[in-house]
Amino acid sequence: MHKFLFMKIEIARMLQKKKKQIIDLWMKNQLADSALRDDLMSNDELRAQSEELVDALLKKLTDDNLSNIESADFENVYEILGGISITRARQGFSPRETGLYIYSLKDALLSILQQEFKNDPVQLYEASMRVSKLIDSFGIVTFETFIKGREEIILRQTDEITEISTPVIRVWDGILALPIIGTLDSARTQVVMENLLQEIVNTGSSIAILDISGVPAVDSLVAQHLIKTVSATRLMGAECIISGIRPEIAQTVVHLGIDLSNVVTKATLASALKYAYSILQLEVRKKQNNLVKTN
Amino acid sequence: MEKNWMKPITPTVLNKDKLSVFKEQDVVPFRNRVKEYATRIGMGLVNQTKLITAASELVRNMLRYADGGETLIEVISKGRENGIRLTFTDKGPGIANIEQAMKDGFTTGKSLGLGLPGTKRLVSEFDIKSVVGKGTTVTVVKWKNG
Amino acid sequence: MGQFLLVTIQIDLYDRLALNLEADLVQMVSKTGARGVLIDISVVSIVDSFMGRIIGNIANMSKIMDAETVVVGMQPAVAITLIELGLPLTGVHTALDVEKGMELLRKKILVDGEELDETYNTDSTE
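These protein sequence lines map, in sequence, to chains A, B and C. The opening position of the first sequence corresponds to residue 0 in numbering that gives the first Met the number 0, with each subsequent residue numbered one higher. The opening position of the second sequence corresponds to residue 0 in numbering that gives the first Met the number 0, with each subsequent residue numbered one higher. The opening position of the third sequence corresponds to residue 0 in numbering that gives the first Met the number 0, with each subsequent residue numbered one higher.
Among the hints, a few may not be true.
To be verified - No farther apart than 27 Å at their CA atoms in a straight line, the calculated lysine-lysine pairs in the DSSO-like style are these:
1) A:Lys-265 / C:Lys-106
2) B:Lys-133 / B:Lys-22
3) C:Lys-99 / A:Lys-227
4) A:Lys-132 / A:Lys-117
5) C:Lys-62 / A:Lys-265
6) C:Lys-30 / C:Lys-62
7) A:Lys-273 / C:Lys-30
8) B:Lys-34 / B:Lys-22
9) B:Lys-143 / B:Lys-119
10) C:Lys-62 / C:Lys-106
11) B:Lys-133 / B:Lys-77
12) A:Lys-227 / B:Lys-34
13) A:Lys-265 / C:Lys-99
14) B:Lys-143 / A:Lys-227
15) B:Lys-143 / A:Lys-147
16) C:Lys-106 / A:Lys-273
17) A:Lys-227 / B:Lys-102
18) A:Lys-27 / A:Lys-17
19) C:Lys-99 / C:Lys-30
20) C:Lys-107 / C:Lys-62
21) A:Lys-227 / A:Lys-286
22) B:Lys-128 / B:Lys-15
23) C:Lys-99 / A:Lys-273
24) B:Lys-133 / B:Lys-34
25) A:Lys-227 / C:Lys-30
26) B:Lys-34 / B:Lys-143
27) A:Lys-147 / B:Lys-102
28) B:Lys-17 / A:Lys-227
29) A:Lys-59 / A:Lys-17
Unchecked claim - If you only want the chain C side, here are some residues facing chain A, beta carbon under 10 Å, derived:
30) Met-27
31) Ala-78
32) Gly-100
33) Met-101
34) Leu-103
Note that these hints are calculated values from the structure, not bench results. Just so you know, even glycine gets a beta-carbon here, dropped at the ideal spot from N, CA and C.
My request is simple: use the sequences and hints to build the entire structure.
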């Protein structure tokens, strides 16, 4: 038992002594790999990053925590790893490239162990297993954070898309237009409704035009969402016109037996606008005095 | 570095409150209490309004059909989501045919019926259990962003 | 307010109060001979089916007594919730605010009774 403990101390100490060799070997592994992305990160930068990680790891590595992946001693290592993964996710490294980064460190460490314990297979096996397990756990964390980094990007983009895809435009005093582009699902309908109704309150507009020229298809579910939006607008005391009804849409609406008879529909945004003007008793016409002058 | 990935995801109850509703005058205070909790977890205005309206409908049903009952308001959390769970328990006559009661346009008399399908549309999760002669329990969940 | 009644609902009404409002309002319509009723709900945060029914009742009762009802100032969150709940308040007129509600009432009354005399017209359009 005592002898066993002594040997474990040997592993950590031995690795600490061979720090420079480990870094060199790891760098060699990384540079030799076809997955190296020197277009995304310079070799100097890569070396600095690798050195920082090995430094942090070896500084805290002891015989005890070597087999305890949850040890608080590795907090700093996890932090550095997390930072590296997030940066790589943003820089556009692939998961494979990011994974290889950490697993090539394992190769380097295992090679060192192999040199050191080549005459003692039992010790070699034991040490390799421990180091393997530790690095595997680092690998998992790397993936976790890498995916988290990507998820953050996706979430941000989703937010941006939702925002971009539901612009409420004030086309005239008292008239709002909302061009819908893409499919209308229930989550999107919520956003459309909220934005539109809030804008109606903000501007005191009494007419809203929902233009669906950019909606690829209207099935009964989409139609239901549209009718809901129209009804909610009416409850607020404003009129809602649906424009941009393409011939194909008219066909499917009738074939599916969707009842749009309570909704004012127009073929184009222009005719919807014209209708809105007539409700507001506005008139748009060519200037008369110009004609008089030229004649 | 937090290591959330090692822990399993289980919904947890962060806070709870019980209120009895046995008369009309209890409805508005109950709604206000629900609003307090929804505001505290930062629920948006539209979702808040939906939740409180659903709560109002359910509590009115309880008064109308079972002469009142007990309500439980809980703040729950699952993964990254926070939400409000409301439980309505009464010792009324119970509902014989829940499937039918969950259909749009169903009414057991009087004017507007139970309005259960409409209420269900206002919340994220809806569950109803009823034993004829024993009573009814309705549980609804509204997630902060749901 | 001339021939219109304006009711502003300031708080979330208790059931009894809401029923009282219904009764009082119908009484007032009869007493004043008002042609229009404006119900301002801009500070009401919750309209459930009970409240919706009261509003519908007021509109229907007024209608029988030859007065139009306009609900004004409904909040977006309330409108979205009512639609989701399946209560589109059919038969009730709506407007964005009191001013637009009055405009709507004037139009309705003008269309309804074109035989109205001159003085009436000038009164209602000032």
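Here is how each hint holds up against the structure:
no.: 1; hint: A:Lys-265 / C:Lys-106; in the structure: holds, 25 Å
no.: 2; hint: B:Lys-133 / B:Lys-22; in the structure: holds, 20 Å
no.: 3; hint: C:Lys-99 / A:Lys-227; in the structure: holds, 23 Å
no.: 4; hint: A:Lys-132 / A:Lys-117; in the structure: holds, 20 Å
no.: 5; hint: C:Lys-62 / A:Lys-265; in the structure: violated, 32 Å
no.: 6; hint: C:Lys-30 / C:Lys-62; in the structure: holds, 15 Å
no.: 7; hint: A:Lys-273 / C:Lys-30; in the structure: violated, 44 Å
no.: 8; hint: B:Lys-34 / B:Lys-22; in the structure: holds, 20 Å
no.: 9; hint: B:Lys-143 / B:Lys-119; in the structure: holds, 16 Å
no.: 10; hint: C:Lys-62 / C:Lys-106; in the structure: holds, 16 Å
no.: 11; hint: B:Lys-133 / B:Lys-77; in the structure: violated, 32 Å
no.: 12; hint: A:Lys-227 / B:Lys-34; in the structure: holds, 25 Å
no.: 13; hint: A:Lys-265 / C:Lys-99; in the structure: holds, 25 Å
no.: 14; hint: B:Lys-143 / A:Lys-227; in the structure: holds, 22 Å
no.: 15; hint: B:Lys-143 / A:Lys-147; in the structure: holds, 21 Å
no.: 16; hint: C:Lys-106 / A:Lys-273; in the structure: holds, 21 Å
no.: 17; hint: A:Lys-227 / B:Lys-102; in the structure: holds, 19 Å
no.: 18; hint: A:Lys-27 / A:Lys-17; in the structure: holds, 15 Å
no.: 19; hint: C:Lys-99 / C:Lys-30; in the structure: holds, 25 Å
no.: 20; hint: C:Lys-107 / C:Lys-62; in the structure: holds, 12 Å
no.: 21; hint: A:Lys-227 / A:Lys-286; in the structure: violated, 41 Å
no.: 22; hint: B:Lys-128 / B:Lys-15; in the structure: holds, 21 Å
no.: 23; hint: C:Lys-99 / A:Lys-273; in the structure: holds, 21 Å
no.: 24; hint: B:Lys-133 / B:Lys-34; in the structure: violated, 30 Å
no.: 25; hint: A:Lys-227 / C:Lys-30; in the structure: violated, 39 Å
no.: 26; hint: B:Lys-34 / B:Lys-143; in the structure: holds, 13 Å
no.: 27; hint: A:Lys-147 / B:Lys-102; in the structure: violated, 42 Å
no.: 28; hint: B:Lys-17 / A:Lys-227; in the structure: violated, 35 Å
no.: 29; hint: A:Lys-59 / A:Lys-17; in the structure: holds, 15 Å
no.: 30; hint: Met-27; in the structure: violated, 23 Å
no.: 31; hint: Ala-78; in the structure: holds, 4 Å
no.: 32; hint: Gly-100; in the structure: holds, 7 Å
no.: 33; hint: Met-101; in the structure: violated, 12 Å
no.: 34; hint: Leu-103; in the structure: holds, 8 Å
Against the hints set out earlier in the document, violations occur for numbers 5, 7, 11, 21, 24, 25, 27, 28, 30 and 33.
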